[in-house]
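**Q** Chain by chain, the residues run as shown.
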Amino acid sequence: MKSHTIMLDINGDSRIVTVRSADTLLNALRGKLGLTGAKPGCLNGDCGACTVNVDGWPMKSCLMLVVEAVGKKITSIEGLKQAPIQQAFIENFAFQCGYCTPGFIMNCHSLIEQYPDADDTTIKEWLESNICRCTSYIEIEKAVKSVLKRN
Amino acid sequence: MLPFNFDYYTPKTMKEAVDLYQDLDQQGKQPMFFSGGTELITLGRINLAYTEAVIDIKDIAECKVMQVSGDHLFLGSSLSLTRIEEANLFPLLTKTVSEVADHTARVKITLGGNICAQIFYREAVLPFLLADSQVLIIGPDGEKIIPINEIFQEQLRLKKGEFLVQVATETQFIGAPYFSVKRRQQWETGYPLITMAALKIDREIRVAISGLCPFPFRSKEVEASLNNRGQSVEARIDRALAVMPTPILEDVEGSAKYRLFVLKNLLLDVMAALDGVRVR
Ligand SMILES: Cc1cc2nc3c(=O)[nH]c(=O)nc-3n(C[C@H](O)[C@H](O)[C@H](O)COP(=O)(O)OP(=O)(O)OC[C@H]3O[C@@H](n4cnc5c(N)ncnc54)[C@H](O)[C@@H]3O)c2cc1C
Ligand code: FES
Ligand code: FES
Chain W
1 MKSHTIMLDI NGDSRIVTVR SADTLLNALR GKLGLTGAKP GCLNGDCGAC TVNVDGWPMK
61 SCLMLVVEAV GKKITSIEGL KQAPIQQAFI ENFAFQCGYC TPGFIMNCHS LIEQYPDADD
121 TTIKEWLESN ICRCTSYIEI EKAVKSVLKR N
Chain E
1 MLPFNFDYYT PKTMKEAVDL YQDLDQQGKQ PMFFSGGTEL ITLGRINLAY TEAVIDIKDI
61 AECKVMQVSG DHLFLGSSLS LTRIEEANLF PLLTKTVSEV ADHTARVKIT LGGNICAQIF
121 YREAVLPFLL ADSQVLIIGP DGEKIIPINE IFQEQLRLKK GEFLVQVATE TQFIGAPYFS
181 VKRRQQWETG YPLITMAALK IDREIRVAIS GLCPFPFRSK EVEASLNNRG QSVEARIDRA
241 LAVMPTPILE DVEGSAKYRL FVLKNLLLDV MAALDGVRVR
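Chains W and E, in that order, give the protein sequences. FYI, the numbering for the first sequence is 1 to 151, going by full-length UniProt numbering. FYI, the numbering for the second sequence is 1 to 280, going by full-length UniProt numbering.
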């Protein structure tokens with residue numbers, strides 16, 4: 001029981017993987033599944049660089065054991081294919097070094113899916129979960145608002 | 001990734017969870033109940049928590065309940081704080097938990113996990129202390145329903161092998177006027193300096209506080225001082241400050257003196273919001 005062979009539903013594919021109970025979803029994505037889009041930052045739930053989407057909601061993958069993800073629908077940045085928010089990040093130059101970008105995009109994407117008409121308070125509440133060391137906040141705000149406006 | 005290995009169990013019933021705990025404890029595995037799991041994941045990583053057997057209670061139906069039935073609201077211990085906010089069945093609770101951690105983390109953090117956590121803030125307990133809620137606990141001795149104000153003395157006084165299943169709150173408290181505020185040292189995210197929740201029922205103000213002492217609390221003495229209408233607001237608040245439990249925290253978030261200064265102003269806000277009394 002310390003090691004488990006499990007099936008994960010990730011980016012629309014079923015993947016079989018052998019993991020330790022003690023592995024976080026972040027470890028498994030990066031170390032076992034070759035999906036390195038989710039970034040390790042603080043590993044403590046504070047920075048949001050590791051954010052993916054689980055059953056439609058943003059999830060800090062460093063705060064979830066991979067065994068908890070069985071039976072859930074996981075989407076990582078690799079699973080977004082030309083999502084409007086990706087394009088909006090490019091158009092608005094919403095990054096500098098890019099390290100926080102996958103996490104921000106996954107959080108913004110979940111927000112847009114859950115609240116297509118999110119107001120400023122909701123946008124702020126959701127996006128406070130991620131930190132950008134290069135302080136691209138204004139551009140990120142512009143990017144997410146440009147997609148929400150189109151809705 | 002945690003630096004130690006453990007077995008992972010997902011019991012489907014309360015009995016299975018209780019039996020598992022006892023078995024694993026007898027085998028010396030130091031079993032741990034796991035709800036949102038953020039405590040084990042964050043503290044385990046730096047060797048401040050350890051277990052050889054995790055009992056994940058999220059699949060137990062009773063722990064997922066969220067419903068109003070008769071004149072009570074029942075909330076399961078494994079509901080995430082986000083689910084509680086989205087459903088908004090208890091506005092004071094919604095407001096109080098919406099200040100815990102950050103939005104994404106609250107998708108993972110659960111009600112029971114926050115109430116039972118090691119961290120001293122545990123803001124989710126405050127509304128239930130104010131609303132005289134009851135808790136359903138299960139353990140080797142079976143099920144128990146206990147007033148939260150009896151069993152929550154600085155922390156939920158659970159016996160070995162017991163876990164919190166649900167919290168039941170009478171609907172009359174849910175509709176009562178309330179006030180909830182969280183003050184941080186700086187910025188809008190991060191750990192709280194002080195969180196205060198207040199409720200007015202039968203013309204009396206109730207307050208519960210987290211971040212002032214190394215435990216969340218509701219104090220009858222503090223409330224008696226605040227509700228002493230024969231005196232001026234300032235005198236009532238001064239008296240309330242004099243009877244606060246001790247010790248007052250003194251840490252990087254703020255000195256004891258600063259905390260009491262912030263608290264005084266929060267109490268003024270509570271009195272203005274719920275009693276309509278202002279200091280000129
Ligand atoms: C980014 C971040 C920010 C945070 N900010 C805050 C904050 O602002 N305020 C705050 O209070 N905390 C904060 N925390 C700490 C966090 O709240 C606690 O770790 C969390 O409340 C625990 O919830 P959980 O559901 O993850 O609990 P778990 O980790 O599952 O459990 C916590 C503890 O309670 C026990 N337990 C869990 N469920 C039960 C139950 N039903 N019955 C009996 N025992 C049980 C577990 O064995 C464990 O010891 C933060 C954590 C992170 C990662
Ligand atoms: S690495 Fe997960 S929140 Fe920072
Ligand atoms: S772009 Fe560098 S951390 Fe955000």
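If you're looking for bench data, these hints aren't it; they were derived computationally from the structure. This one's a predicted model, so the numbers in the text were calculated from it and none came from an experiment. A hint or two may mislead.
[As the list claims (entries may be wrong)] Cut-off 25 Å, straight-line C-alpha distance, at most; resulting in silico cross-link-like pairs (SDA-like, lysine to any residue): (1) W/Lys2 to E/Ala272; (2) W/Lys72 to E/Thr82; (3) E/Lys29 to W/Arg20; (4) W/Lys2 to E/Met14; (5) E/Lys15 to W/Gly71; (6) W/Lys32 to E/Pro3; (7) E/Lys12 to W/Ser3; (8) W/Lys2 to E/Lys58; (9) E/Lys12 to E/Leu156; (10) E/Lys144 to E/Phe173; (11) E/Lys200 to E/Ala87; (12) W/Lys2 to E/Ala87; (13) E/Lys29 to W/Lys145; (14) E/Lys12 to W/Asp55; (15) E/Lys95 to W/Gly71; (16) E/Lys159 to E/Phe173; (17) E/Lys95 to W/Asp119; (18) E/Lys95 to E/Gly175; (19) W/Lys142 to W/Glu78; (20) W/Lys73 to E/Ala87; (21) W/Lys145 to W/Lys32.
**Q** Taking 25 Å as the top limit, are the C-alpha atoms of E/Lys15 and W/Gly71 close enough?
**A** Given pair E/Lys15, W/Gly71 holds - Cα atoms ~24 Å apart, limit 25 Å.
**Q** Hinted pair, alpha-carbon criterion (25 Å max): W/Lys2, E/Lys58. Please report holds or violated.
**A** Distance of about 19 Å is within 25 Å: holds.
**Q** Quickly compare the C-alpha distance for E/Lys12 and W/Asp55 to 25 Å and report which way the hint goes.
**A** Distance ~21 Å between E/Lys12 and W/Asp55 Cα, so the pair holds.
**Q** Please work out if E/Lys29 and W/Arg20 have their alpha carbons no farther apart than 25 Å.
**A** holds, 17 Å
**Q** Against the 25 Å threshold, does the CA-CA distance of W/Lys145 and W/Lys32 hold or violate the hint?
**A** Distance ~35 Å between W/Lys145 and W/Lys32 Cα, so the pair is violated.
**Q** With the threshold set at 25 Å, check whether the alpha-carbon distance from E/Lys95 to W/Asp119 stays at or below it.
**A** holds, 18 Å
**Q** With the threshold set at 25 Å, check whether the alpha-carbon distance from W/Lys72 to E/Thr82 stays at or below it.
**A** Within the cut-off at roughly 17 Å; holds.
**Q** Tell me if the straight-line CA distance from E/Lys95 to W/Gly71 falls inside 25 Å.
**A** violated, 31 Å
**Q** Given the hinted pair E/Lys29 and W/Lys145, is their Cα-Cα distance within 25 Å?
**A** violated, 50 Å
**Q** Verify the proposed pairing of W/Lys2 with E/Met14, using a straight-line Cα cut of 25 Å.
**A** The given pair, whose Cα atoms are some 23 Å apart, holds under the 25 Å limit.
**Q** Is the hinted pair E/Lys95 and E/Gly175 satisfied, with a Cα-Cα distance of at most 25 Å?
**A** holds, 14 Å
**Q** Quickly compare the C-alpha distance for W/Lys73 and E/Ala87 to 25 Å and report which way the hint goes.
**A** holds, 22 Å
Hints 1, 12, 13, 15, 16 and 21 from the earlier list are contradicted by this structure; the remaining hints agree with it.
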